[in-house]
Amino acid sequence: MSRGVEVNLDNVWIRFGDFVAVREANVSIKGGEFFSFLGPSGCGKTTILRAVSGFLEPSEGTVKIGGRDMAGIGPNKRPTALIFQNLALFPLMKVWENITFSLEVQGFSKVDRRKRADELLEMIALPDQGDKLPSELSGGQKQRVAIARALCAEPDVLLLDEPLSALDLKLRQHMRTELREIQQRVGITFIYITHDQGEALTMSDNVAVMRAGVIDQIADGQTVYDDPATPFVASFVGENNVFRGTVKSIDGEFAIVDTNRSGELAARIATSAKSNLKVGDAAMMFVRPEACNIAPDDAPGKNRLTAMVKHEEFEGQIYNVFLEGSEGKEIKMSLVNIGQNRQSAEGKDLTLEYAPEHAVVLPAGELASE
Amino acid sequence: MRSEGYLLKIFLVVYLLVFFGYLLGPLIVMSITAFNSPSFPKMTPWECLTFEWFDVLANDTRILNGIKNSLIIGVGTVILSVILGLAGALMLTQIWPKMRATYYTIVIAPILIPGVVLGISTLVFWDRINVMLGFETDSFLNNGIFLTILGQSTFIASYCMLVFIARLQRFDTGLTEAALDLGATNVQAFRKILLPFMKPAIGSAAVLAFLASFENYNTTTFTFGKFPTLTIELAQKVRYGINPSISSLAFIIIVLTVIGALAHEIYIRRQQLALANGAPVKAVANGFKLPRIFQGNPAAIILVLLALGGFSTIWFAQVYSPQECILDVREQKRILQQQKIDEIRQQRLQQQQQKKLQGPDIFGSDKKAPSGSGSAPQSPGKGAFGDIFAPKNLEKTAPDSQQDSKPKNPGKGAFGDIFAPKNLDKTGPQENTTD
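Quick mapping for you: the protein sequence lines, in order, are chains A and B.
Numbering that gives the first Met the number 0 puts the first residue of the first sequence at 0, with every later residue one more than the last.
Numbering that gives the first Met the number 0 puts the first residue of the second sequence at 0, with every later residue one more than the last.
Among the clues, some could well be false.
As the list claims (entries may be wrong) - With a Cα cut of at most 20 angstroms, we get these calculated SDA-like pairs of lysine to any residue:
| no. | chain 1 | residue 1 | chain 2 | residue 2 |
| --- | --- | --- | --- | --- |
| 1 | A | 109 | B | 187 |
| 2 | A | 93 | B | 311 |
| 3 | B | 191 | A | 130 |
| 4 | A | 247 | A | 237 |
Keep in mind that the hints were calculated from the coordinates and are not lab data.
Being a predicted model, the structure only gives us computed values, none of them experimental.
Can you make the complete structure from the sequences, with help from the hints?
Here it is in structure tokens:
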């Protein structure tokens, strides 16, 4: 198998009439990387994928694969293979014919094709299923056939358009690990489109978070989660408690925010905001539910807030506590289930505390709508 | 209440009988006339079971030539219409969405235009083209087959397109994209992905096109030139007199259609039955399992009976010879006619004797013996020639009225209309077969 090649989007704009689907996308994906585009539906991530695979030309800017400008090169000439959201297996062809379609159009003999199909079927752990029709396979099996079909074309870049969205939860989790394994085995560049942050974070080397045609942040999963670049990323990736307010003071890495309803709170300034956040700016402070804890005492502090327990949800490894702070501010806290006696009871007032380095301050901006 | 329901049921049964009688009655009557020996297609009186009309049909070169032309034109129309229809349907999926409604209206319009108009315009248009290009008048642009194929395809292609559009609406364009993405060229994607998907639709469109072409009359009638199709030949034949060989052709077509329809029905039912029983698609697609067909499938049983009936008919036709019966009937007719002639002679004798008693007649002419053409003895009560030259007399010689009605009014016509001009026509085919 060929090693993966790099993919670069330079200042790519894609417009449909007056509608701007992708705005000034600059992405550089290293060879052999597992790269994800993460965003809510309709944010333009599939459009970017289609621009990379060649089904549409960017209105502006260039798409380069392996350093080569792809302008004017059709999808059948690009070193990419796309796995479609609905898989798009050819319903009238047998599984092995599906897998080796790319060889058939190149004119390989039936014997060669059959041999290659059997190898690939072995690889995706579906031996002896080659003579079935796709309609006779289960969802997970179809998934694997689609992957084999794409790999059979020996692409330099494999593009995946939400391929797991049709599967049930268990299978999805299983396929995540399997996809990651396959990627590491074949070593080619994977570009993965998803709206499921779990998929993006678990599989990817790097994630691009998109909002309405704009790429808000490109970073590895942990950075995206811990150090979001915009309020949108902070609220879209994982869960977050948002506190709106103004910056009261800045002290090196940290800032104190005068929140609208919960008093003054301290938090770390996000990396992206370090240079431009000033005292008096409208700001948002984010504290993740799992960063909150029940304080040992009731003493007030810049990293403490009081709230009343409304109700609890038990989720197995964690339980979520929904609280109501002053003036009806809703706060969510997640506690790890380690067999302790739970101190929360409905109607009880609690003092929460968090480590300021686990909370971030960002300039006020658009949030992901729920 | 209960009697009301009963009445309703009776009414329903009667209605169904009338309905199906209306639908199928003419076909049944036509089929029966194909086996009756009289030379004019009729069901009653039943004279002799005969297969001679099939012979007549088989030896009718005009009909055979018509069938040949129809087949050639049918195949040509199928090819042209399927290609045009498929192209039109694909175009509809590719065209700019705002144009779609307009485009659809334009390509569907030929269905709404009367076939006569299409026929005339095809003729005129290609004649103009021919003149413009400066070809001879007998160039291929004026060839009947060429014109008929083009003329029929103008609207049959639209039928085909409707079939294709219906199928295309279920096509996932993602499949074409997937093929392209895997390195296929546009042509390969079309041939390997879209075309196999369209296959069933192409089959039904082809059948539709062929049937529409085969039965077409009003467009073809302007364009056929020197290549009359079956429908044209039939129409001309009916104009110049009809014999039961046309019934036998109708019978063959009916039987073929019924067998085809039943076979298709069986195929569909078998598939549904197998699918309902949870059989995999693969098992349904091939193999012909005989015992299963008979389980609760009346269509199968009917088909088998039909096939048996067909075989036994063929066998019977080879063994049975209707000649004797036909001769019998002819002999009977001859005797009957002889009797009538005798009667008339006697009457004439009586009349002559009476006249001799009465003296010379009004014209004062001599009394000639009948010459056979129709000059007849006078019947005194009715005028000089006994009404034999009255214009309506010729029409009155309907074949079934000849035997029983005439002897009852001997005074009306001298020879009981035996020598009426149409009589000769009627006996034509019978004489043919005795040759």
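Hint check results:
1. A:109 with B:187: 17 angstroms, holds
2. A:93 with B:311: 46 angstroms, violated
3. B:191 with A:130: This hinted pair holds, its Cα atoms lying about 18 angstroms apart.
4. A:247 with A:237: 27 angstroms, violated
Violation of the numbered hints given earlier is confined to hints 2 and 4; the remaining hints are satisfied by the structure.
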